[in-house]
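Asker: Required output: the full structure, derived from the provided sequences and hints.
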Amino acid sequence: MTDVVMPQMGESIVEGTLTKWLKKPGERVERDEPLFEISTDKVDTEIPSPAAGTLSEVLVEEGKTVGINTVVARIEDGGNGAGARPKAAQPAVQPAPQTPPPPPRQAAPIQETPTQETIQPTPAPHQVEDTAPAVGPLSPLVRKMARENNIDLSRVTGTGSGGRITKQDIEAYLAQREAQPAAPPQPVQQPPAAPRAPRVEPVPPAPLPPAGQAKTRIEPMSTMRIKIAEHMVLSKRTSAHVTTVHKVDMTKVAKVRERNKASVQAQYGFSLTYLPFITRAAVVALRQFPIVNASIDGNNIIYHNEINIGIAVALENGLIVPVIRNADEKNVLGLQRSIVDLAGRARSRQLKPEEVQGGTFSITNFGSFGSMVGTPIINQPQVAILGVGTVDKTPVVIDDAIAIRSICHLSLTFDHRLIDGALADQFMTKAKQVLEDWSEDVL
Amino acid sequence: MRSCQVRELGRIDYGKALELQQQLAAERKQGLIGDQLLLLEHPHVVTLGRNGHMEHLLAGPEMLNRAGISFFPTDRGGDITYHGPGQLVGYPILDLREWKRDVVGYVRAIEQVLIDTLADFGITAGRIPKLTGVWVEERKIAAIGVHISRWVTSHGFALNVTTDLSYFQYIVPCGLTKPVTSMAQLGCAADPSEVSQTLARHFGRIFDCDMLLETPALAAPGK
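Going line by line, the protein sequences match chains D and W. The first sequence: position 357 = 357 (the numbering used here), numbered continuously. The second sequence: position 16 = 16 (the numbering used here), numbered continuously.
Calculated from the structure, these hints are not laboratory results. Please note that a few of the clues may not be correct.
Unchecked claim - Examples of chain W residues lying across from chain D (beta carbon under 7 Å, computed):
1. E27
2. G31
3. I33
4. N51
5. M54
6. E55
7. L58
8. A67
9. I69
10. P73
11. V104
12. G105
13. V107
14. I144
15. H147
16. I148
Claimed, not checked - Here are the computed lysine-lysine pairs in the DSSO-like style, where the Cα-Cα straight-line distance is at most 27 Å:
17. W/K29 - D/K20
18. D/K432 - D/K247
19. W/K29 - D/K236
20. D/K23 - D/K247
21. W/K178 - D/K236
22. D/K227 - W/K178
23. D/K247 - D/K227
24. D/K23 - D/K261
Stated by the list, open to error - Covered by chain D, per the in silico footprint, the following chain W stretches (three or more residues, Cβ under 8 Å):
25. 74-88
26. 97-103
Small disclaimer: the values here were computed from a predicted structure and weren't measured. The C-beta atom is built at its ideal place from N, Cα and C for all residues, glycine as well.
Answerer: Right under this line is the structure:
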């Protein structure tokens, strides 16, 4: 059995992200044959297998960052790879649910660094349990995490090579700290006046107690969640968000919809909603005000000749914005068909990459979840997004008489770097006018 | 002192250059040849790194087609990028075992070559922590994406000399929404072939090797 470890790809490198397994558990691998790929700082590196045999166990899944010398896989030596079945077809990857556990603990650095003649300046290998402040070289990530979370690094047990503190150690420490609110992060100066439980030991080396009554639970975000989070903050940081809300009388559209609903359902098999009418109105307004269909590049304005409308679709644990291409070439029926198709495939995760790209304007229909008014975040690099509220029958005053009308609030969040309020409201007035004086046929 | 052969290939298709790189990298791994530095320009092309995100391609395939841009997924590090006329592209094929065995050190050294080259043309460029590449203030002037197999490097860097920057509108360069710039935009009148001379010199200094210049005719790919 040969352990495959995360190699050290340079003096300053203390961890690497395993991006791709080039072999599957159970597969035969030759010595020096590329086995997996790691990524560090825009460099993708193929790592050759240290031995010939059968890849019996994969311990680190793709996308995980682990410290150097962490065992990432095991290779069962011996010729006939066929007989050697993997122990578990499903690799024994660390499960995610509780807290990212630290890499398989290597009782101090018994392993000599492979291939490296780099002299490691790490002081003696026994400092693991020492609470001495000498914490060895730290990756920039670890330093940042420590700074941001106000961690005294001398209190963190390093499980990396030479007792180095890895990202996982910090996470484990944080989880631990959260789990025991009693232990203040301040120096342990307080005299034992507090007759609390005698928590004298520095910090238990085991990273995660099964915390019977933990007050929190830590779970890694899904990739989609991370991307959404990044995008939202990026957008807020990039654009000068302003939202304007217009009240639209949808009575006429409601009538058109009522009239055509049954036949659309019968002929095409989908229901007719308000959304394609609103999309159509937005398209007409975008044609009239192309700056709302633009992007910013430095000090340039990029006007998009195509009108490609992103429609936000809520997924179970996230959201995606598939794009109706050339939306200006579609009528209400065509738009409804695209919306049904894209939303359906978004939910079943069958969108092609190009179907979520190239949007020039977006629409989000939070009305379908009962929201009357919202202030959506712009989908970068676009400069505006239309939010659609509920359509409600509402008493309104028309010519000093009270009438019952179908009212919808449309909100436009626009990037004030490029679009001024007056123009945004002209845009909205145009869309409103299209909807209130609806004149297009549906069928 | 080690030596490094410089091959100036002029304007060459991305696919052809990729083939040449792969061939040279294979020969380098077997020790049949020494270190190489390919310097060239590509016709319009958008390439996606191994861990790149398709959603950073802002244009659909048909839109790229219409704009005369080809598209290549590749095995280099980094995200999406654009190459085109006026951009000096460098593909060093080096065996890092004969240098420092340090992949991040390698990237930093490439950045230094570019920074020193730009300085010779009166442009003060630098690094932004965690954002590999070379920057002039907040604008990216050169991108880096590297592939390493058995310590032999391929892919490399792209320096905007007189690049038509409007082509970057089709992508989110390297997944970052920071703007790009070029030497021309910063008021420098040099063309890529002038810059490549200076660059080769700095490359030799930083990587501590003799740069052997070949004429383009001799360096033309074998087939």
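Asker: The structure should be examined with respect to each hint, and the outcome stated for every one.
Answerer: The hints, checked one at a time:
1. Given the 7 Å rule on beta carbons, the hint for W/E27 is violated: about 17 Å separates it from the nearest Cβ of chain D.
2. The interface hint given for W/G31 is violated, since its Cβ lies 14 Å from the closest Cβ of chain D, which is over the 7 Å cut-off.
3. At a threshold of 7 Å, the smallest CB-CB gap from W/I33 to chain D is about 20 Å, leaving the interface hint violated.
4. Checking W/N51 against chain D: minimum C-beta separation of about 6 Å stays under 7 Å; hint holds.
5. Proximity of W/M54 to chain D holds as hinted, the smallest CB-CB distance being about 4 Å (cut-off 7 Å).
6. Because the smallest distance between the Cβ of W/E55 and any Cβ of chain D comes to about 6 Å, under 7 Å, the interface hint for this residue holds.
7. Look at W/L58: its Cβ gets to within about 6 Å of chain D, closer than 7 Å, so that hint holds up.
8. The closest approach between the C-beta of W/A67 and any C-beta of chain D is roughly 12 Å, which is over the 7 Å cut-off, so the hint fails.
9. Interface hint at W/I69: violated, since its Cβ lies 14 Å from the closest Cβ of chain D, which is beyond the 7 Å cut-off.
10. Given the 7 Å rule on beta carbons, the hint for W/P73 is violated: about 11 Å separates it from the nearest Cβ of chain D.
11. Hint status for W/V104 relative to chain D: holds, with the closest Cβ pair at about 5 Å, below 7 Å.
12. At its closest, the beta carbon of W/G105 sits 5 Å from a beta carbon of chain D; the interface hint therefore holds under the 7 Å criterion.
13. Because the beta carbon of W/V107 sits about 6 Å from the nearest beta carbon in chain D, less than 7 Å, this interface hint is met.
14. With its C-beta approaching chain D no nearer than about 6 Å, W/I144 sits inside the 7 Å limit, and its interface hint holds.
15. With its C-beta approaching chain D no nearer than about 5 Å, W/H147 sits inside the 7 Å limit, and its interface hint holds.
16. At about 4 Å, the closest approach between the beta carbon of W/I148 and any beta carbon in chain D falls short of 7 Å, and the interface hint on this residue holds.
17. Under the criterion of a C-alpha separation no larger than 27 Å, the hint pairing W/K29 with D/K20 is consistent with the structure, at around 22 Å.
18. With a C-alpha separation of about 8 Å, the suggested pair D/K432 and D/K247 falls inside the 27 Å cut-off, and the hint holds.
19. Proposed proximity of W/K29 and D/K236 is contradicted: the alpha carbons are some 48 Å apart, above 27 Å.
20. At roughly 59 Å between alpha-carbon atoms, D/K23 and D/K247 are farther apart than 27 Å, so this suggested pair is violated.
21. Pair hint W/K178 plus D/K236 holds up; C-alpha atoms about 15 Å apart against a cutoff of 27 Å.
22. Using a Cα cut-off of 27 Å, the hinted pair D/K227 and W/K178 holds, with the two alpha carbons roughly 17 Å apart.
23. Taking the CA atoms of D/K247 and D/K227, the gap is about 33 Å. The hint is violated against a cut of 27 Å.
24. Taking the CA atoms of D/K23 and D/K261, the gap is about 54 Å. The hint is violated against a cut of 27 Å.
25. With 4 residues having a beta carbon nearer than 8 Å to a beta carbon of chain D, the region 74-88 of chain W meets the requirement of three or more and the stated coverage holds.
26. Counting residues of the region 97-103 of chain W whose beta carbon lies closer than 8 Å to any beta carbon of chain D gives 4, which reaches the threshold of three, so the coverage claim holds.
When the structure is compared with the earlier hints, violations turn up for hints 1, 2, 3, 8, 9, 10, 19, 20, 23, 24 and for no others.
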